[in-house]
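Heads up: the protein sequence lines correspond to chains C and F, in order.
Under this note's numbering, the first residue of the first sequence carries the number 1, and numbering increases by one thereafter.
Under this note's numbering, the first residue of the second sequence carries the number 146, and numbering increases by one thereafter.
Treat the hints with care, since some could be wrong.
[As the list claims (entries may be wrong)] Pair ranges (Cβ atoms, derived):
{"hint": "1", "chain 1": "C", "residue 1": "74", "chain 2": "F", "residue 2": "196", "range": "27 to 37 Å"}
{"hint": "2", "chain 1": "C", "residue 1": "10", "chain 2": "F", "residue 2": "225", "range": "14 to 24 Å"}
{"hint": "3", "chain 1": "F", "residue 1": "154", "chain 2": "C", "residue 2": "133", "range": "34 to 44 Å"}
{"hint": "4", "chain 1": "C", "residue 1": "140", "chain 2": "F", "residue 2": "198", "range": "36 to 46 Å"}
[To be verified] Straight line, CA to CA, 20 Å or less: simulated SDA-like cross-link-like pairs of lysine to any residue:
{"hint": "5", "chain 1": "C", "residue 1": "61", "chain 2": "F", "residue 2": "250"}
{"hint": "6", "chain 1": "C", "residue 1": "61", "chain 2": "F", "residue 2": "253"}
{"hint": "7", "chain 1": "C", "residue 1": "61", "chain 2": "C", "residue 2": "35"}
[Stated by the list, open to error] Looking from chain F toward chain C, a few residues come up when the C-beta cut is under 8 Å (computed):
{"hint": "8", "residue": "158"}
{"hint": "9", "residue": "235"}
{"hint": "10", "residue": "239"}
{"hint": "11", "residue": "259"}
{"hint": "12", "residue": "266"}
{"hint": "13", "residue": "270"}
{"hint": "14", "residue": "276"}
{"hint": "15", "residue": "277"}
Because the hints were derived from the structure by calculation, they are not lab data.
Glycine included, each C-beta is placed from N, C-alpha and C at the ideal position.
There are 2 protein chains.
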Amino acid sequence: MPTAPADRTPRDCTIADALEVVGDRWSLLVVRELFYAQRRFTEIARNTGAPRDILTTRLRKLVEHGVIAREQYSDRPPRYEYRLTEAGRALSPVLLTLKQWGHEHVRQGPDPVRFDHVCGHEFVGELHCAACGDALDAGDLTLER
Amino acid sequence: MPTAPADRTPRDCTIADALEVVGDRWSLLVVRELFYAQRRFTEIARNTGAPRDILTTRLRKLVEHGVIAREQYSDRPPRYEYRLTEAGRALSPVLLTLKQWGHEHVRQGPDPVRFDHVCGHEFVGELHCAACGDALDAGDLTLER
DNA sequence: CTCGGTCAGTTGGTTTTTCGAACTGACTAC
DNA sequence: GTAGTCAGTTCGAAAAACCAACTGACCGAG
Numbered sequence: 001m002p003t004a005p006a007d008r009t010p011r012d013c014t015i016a017d018a019l020e021v022v023g024d025r026w027s028l029l030v031v032r033e034l035f036y037a038q039r040r041f042t043e044i045a046r047n048t049g050a051p052r053d054i055l056t057t058r059l060r061k062l063v064e065h066g067v068i069a070r071e072q073y074s075d076r077p078p079r080y081e082y083r084l085t086e087a088g089r090a091l092s093p094v095l096l097t098l099k100q101w102g103h104e105h106v107r108q109g110p111d112p113v114r115f116d117h118v119c120g121h122e123f124v125g126e127l128h129c130a131a132c133g134d135a136l137d138a139g140d141l142t143l144e145r
Numbered sequence: 146m147p148t149a150p151a152d153r154t155p156r157d158c159t160i161a162d163a164l165e166v167v168g169d170r171w172s173l174l175v176v177r178e179l180f181y182a183q184r185r186f187t188e189i190a191r192n193t194g195a196p197r198d199i200l201t202t203r204l205r206k207l208v209e210h211g212v213i214a215r216e217q218y219s220d221r222p223p224r225y226e227y228r229l230t231e232a233g234r235a236l237s238p239v240l241l242t243l244k245q246w247g248h249e250h251v252r253q254g255p256d257p258v259r260f261d262h263v264c265g266h267e268f269v270g271e272l273h274c275a276a277c278g279d280a281l282d283a284g285d286l287t288l289e290r
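Generate coordinates for the entire structure from the input sequences, incorporating the hints supplied.
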């Protein structure tokens with residue numbers, strides 16, 4: 001017997017679970033568009049660049065997983081648009097941290113999109129510990145179990 | 146002329162740039178493994194579940210983009226392992242927020258992996274505004290440009 | 001009325017990518 | 001010298017992505 005048959009035992013992991021839902025080429029871009037209040041199929045297709053048929057299957061999958069909701073906005077002809085659910089809105093920290101990482105480590109040049117915080121300054125996110133309130137620092141975390 | 150030829154003009158977007166680098170099925174899982182200090186090809190393949198040939202191309206791509214580094218740890222036979230670069234380590238907020246979202250909106254049941262903060266409590270991340278220090282709240286952000 | 005346009009998808013055919021599983025080549029340990 | 005380790009490579013098959021055109025229901029202008 002050569003190599004053991006499939007010696008792969010993927011880790012039981014919540015990150016993997018999350019990626020199962022939004023970890024493909026288009027889903028997070030769809031969510032981004034909904035954050036930008038583009039709810040219509042055609043707009044989402046245009047702004048993400050996703051092929052229309054692929055977009056169809058992604059939207060269905062996101063609906064299935066409760067990230068977005070499909071709502072009829074016209075009877076005759078039947079027309080639908082999409083909205084973020086609570087779970088979808090909860091993805092904002094993921095998108096914001098991704099954007100920040102992209103800005104600091106991928107893109108050269110200024111960010112084409114900027115967010116301002118109510119405090120008046122450009123928003124730059126910092127991950128804090130909800131318990132003690134301190135900003136997260138490398139090495140402050142220890143793995144349990 | 147029927148439908149206009151390719152009426153898709155993807156948004157110029159830093160999130161999209163970031164996803165270009167780590168937005169496929171396996172890359173973020175590879176980064177996760179490196180966070181867990183699994184540096185070897187075989188370990189990464191086992192723990193992520195990625196097919197070995199795909200893993201090869203992903204690792205090369207991540208090296209190309211400066212997320213990880215390939216280092217020789219044995220001369221004869223030549224053997225290599227992988228390490229996170231500074232840019233790779235900077236992905237921790239992305240992984241942590243993804244994990245948290247997965248925990249709250251995808252997975253049912255307890256998280257198989259837990260992080261404890263130096264303060265003694267289980268780490269739960271909260272995104273704060275770096276300028277004013279306040280925790281991010283829905284609607285606190287306004288889109289500029 | 002008919003012509004052009006809008007809109008949320010479908011359809012069909014092709015190209016790309018993924019995938020599984022076996023195989024390499026250079027070693028080490030027994 | 002036989003078995004095992006390890007970082008990949010190779011092969012063929014299956015799945016997914018992709019593109020461009022097409023639908024079917026409507027609207028508004030001429």
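Each hint tested on the structure:
no.	hint	verdict
1	74(C) with 196(F): 27 to 37 Å	45 Å, violated
2	10(C) with 225(F): 14 to 24 Å	22 Å, holds
3	154(F) with 133(C): 34 to 44 Å	43 Å, holds
4	140(C) with 198(F): 36 to 46 Å	37 Å, holds
5	61(C) with 250(F)	15 Å, holds
6	61(C) with 253(F)	18 Å, holds
7	61(C) with 35(C)	18 Å, holds
8	158	7 Å, holds
9	235	6 Å, holds
10	239	5 Å, holds
11	259	4 Å, holds
12	266	4 Å, holds
13	270	5 Å, holds
14	276	4 Å, holds
15	277	4 Å, holds
Violated hints amount to a single one, hint 1; each of the other numbered hints is respected by the structure.
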